[in-house]
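Asks: Next come the chains, spelled out residue by residue.
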Amino acid sequence: MTTTAAPGGEGVSATTTSARPHHEGLAARRALRNARIRGAVFLAIGVYAFYLASSAFSTPASFLFRFFNTGQERFEIATSVGLLWLVSGLASALVGGLQLWRGAAFRWRPWLFVVIAPIVVAVFGALLDGTTANFTNVLRGSLELATPLTLGAMAGILSERSGMLNIALNGKMLVGACVSVIVGSVVLRFTGNVIVSTTIAIAAAMAVSGVLGLLLAWLGIRYKVDQIIAGTVINIGALGITNFLFLRVLGRNPEFNTPPTVAAMQLPILSDLPVVGPILFSLRPYVYIALVMMVVLTYFIYRTRWGLRLRASGEKPAAAGTVGINVIRIRYQALLLAGLICGLAGSYLPLATAGSFQMDMVAGKGFIALAAMIFGAWHPIGAFGAALVFGFADSAQALLSVLGVAVPPQLLNSVPYVITIVVVAGVVGRVRGPASAGQPYEQG
Amino acid sequence: MRLELRDITKRFPGVLANDRISVSADKGEVLGMLGENGAGKTTLMNILSGLYRPDSGEIVIEGTPRTFDDPAAAIRAGVGMVHQHFMLVPVFDVVEAVALGSEPVTGALGTFNRAEARRRIVELSEQYKLNVPPDAKIESLPVGVRQRVEILKALYRKSDILVLDEPSAVLTPHETEELFSIIRSLAKAGTTVIFITHKLNEVLAVADKIVVLRRGRVAGTTTPQETSRQALANMMVGRDVELIVPKGPAKPGEVVLSITDLEVRDDRLEVAVKGIDLDVRAGEIVAIAGVQGNGQTELIEAIVGLRAVDAGTINIAGHDIGHPSPRMVSDLGVAHIPEDRGRDGLIPYMTVADNYILDSYHNAPYSRRGVFDLKAVSERARQGVEDFDIRTPSIETLAGALSGGNQQKVVVAREFSFPVKLVVAAQPTRGLDVGSIEYIHRRIVEQRDRGAAILIVSTELDEILAVGDRIAVMYDGQIVGILEGESATYENLGLLMGGAEFGVGTAA
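Listed in order, the protein sequences are those of chains A and B. Heads up: the first sequence begins at 1 in this note's numbering, then just goes up one per residue. Heads up: the second sequence begins at 1 in this note's numbering, then just goes up one per residue.
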């Protein structure tokens, strides 16, 4: 190799330039610093929990669980708030210690659950302040309340994985709710059969929401309308139309607003299991449908040809197009499916909980579903976990307000949004969505 | 398989992109397709790969005329395309990225048979010595490997005709050599390879037959044995061109740009410039060679005040630039020819005249007390158009409507419209035709002889060797060597540009 040093000593030559190894270590040093900060924070949380424990040993905390669906047998975990704080403190200190000991290599995210779960229980105990709480109902409620969010999040995942932003979830759920009530009421009147009318009501809700999904796809793909704006249009339109129907039709003719209702279902054998039977296996069919859908979608997205093509369409549509994949068709398919699922989610609200349609009864659940999708990193199982967290916050808030505990409900209602901001801001590690979501694709 | 394109014509609004083009390639032949940007190479290949349909003419494979309605049809006919910009999903692993679109499946649900796909990929990778890690994520692979994944993609689809569109644009000279040996072994195994490029050396090195395209037509067909660099360049441009601008020896004067210990971060906040020392003197051209993405962009942006400096100092004409603004740097007499003229060089939706005054509209003679003197603007702009031979219908034409070469001339005319002490030029001739390249180089050498200090960044070794009085090589954010212009060759620059094996490793 012939290199000549620059004359006069200015500049540098190949032989005098040295690699600066400290730069290679920059990322590692930053990771180590972050690890130390994280460890210190966990330890501080632990210490604060010990401090709270010291003054709370005299406050009893008792959680009731029903043994069986029928009968009065109960099983009670009686402890004190102080002990709960002590456990929380130990858990935090343990994780903090592990973090400091293992340094940057520590995979801390799964351990976050170990830190947070006891704290949530302790906070709950402290808020109850000695009142006995029925935890069976809280956990049942978490699953039930998580169901429309899970379904909505599944719809969002399908859309965004295909490369289409779908903020119209809320509107589609609202229309689904309204259609299911009207169709269900009419069919129930004529047939008198709850199962038939429920099935037809749900099918109609899914069909109408599916059409709305196709409308969104058509606007975004055919006319390249900004997908946020198209979604907003659908949300506003849905609100306007359902409000009109409620005020002009449903409100004056209550016979259109008396749909069949979906009751909880006792799963054979499983629902007779002690403790878990009432919590997990005596819920409305919607819950099981949502869980099955989570599994099926996970399989389809990550294990099938269609899923591979779906993800390619959302990440880099040009790569899919040049190997002969019809990206446009995949996006239409995804939005149709998402619409169908939204219809199902929307029908849950009147048929399973309220028993009738009310103005804006979706109340932003479509947006919380989007939050669950993001919190769950665009993965069906992750999204279900996120929905469960949001459902728990909702359920806990319901219990606290029944017991008359002075927690402003707005505070707990804001939990999904606060968590989403924390997640999106990257505090709990960065999540990354499909790279091309929201960008129109020009085929051919 | 034997491929023939007969009388292919493709018209876009206002442009005849392909005008009755006929070329053919035999089984196992490497056809080099040479042409400048806009000569119609990419249009022709998009027709061959089914992305466009020709207005007339036909594609004949093994004697059978074929029409391709979409890329899938071309793939079925055995045509595999490696695009200039890689068509790989970054978050997929190699198996997924390669199999996408031709996935082996099992069961009624269409379950992706990953094991089967992986087996075939490993097999092909070994057979053709592509050395591709099947389970690595695409985004974690270096560009040279990504390109081999693209080739693997074509082989996986059993392509008998492989089209490579400007494959060496992102490669180091060493990686380009590897690519050539892969191409040769593919051809030996019977694949017909069409190699599209604008680099003269590359067609001479790898092609069996060379077709030169000019303005949508076939300008000539030849072989490496019976032609030369000069003959090919003349054929490409259609007249005699000078490949190397004549320039006398440099007469270095005082230091105009002095950089010490500079550290700069990129957009992802990673350190991209890792401690650079460099002096550029009046009357000399310092050329920085290196593969794209080794910190050159960030270095240039820091010098002209577009990017914050993390550590170290930049001194321009005796002024230490602390927290510079681009206007401050410009007022010191710095001309900046940016890397991406469409984004940073000019505003396509504004007129030639407006673009001409973009950096000095606020000063006399263009503005007085905040009001434009439109007469002065048009007079000066007209003068600039004349001086720099900018081919434009008028100075009121939108800059975006001009050809690439003329757009670049607008940028250069503006930057050189005031006396400059330092010229900072990034990729000043990217995408330009040979004639415009020659012109821009001439203007830059002229500025040097006037006494300006010149810093040029380029990824094209031809350009580096043509204009550089001193040549610095950047690798991984550092300058790994500085060579005198006369002592620099493709070989020793190539070794330094590959840094990992030769530069940083052995110097440290």
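Everything labelled a hint here was simulated from the structure, so no lab data went into it. Note that beta-carbon positions come from the ideal geometry of N, C-alpha and C, so glycine has one too. Among the clues, some could well be false.
[Stated by the list, open to error] Label-pair distances were calculated between CB atoms; the ranges are:
#, chain 1, residue 1, chain 2, residue 2, range
1, B, 340, A, 226, 23 to 29 Å
2, A, 100, B, 261, 46 to 52 Å
3, A, 439, B, 15, 25 to 31 Å
Asks: So which hints don't hold here, by number, going up?
Replies: Failing hint: just 2.
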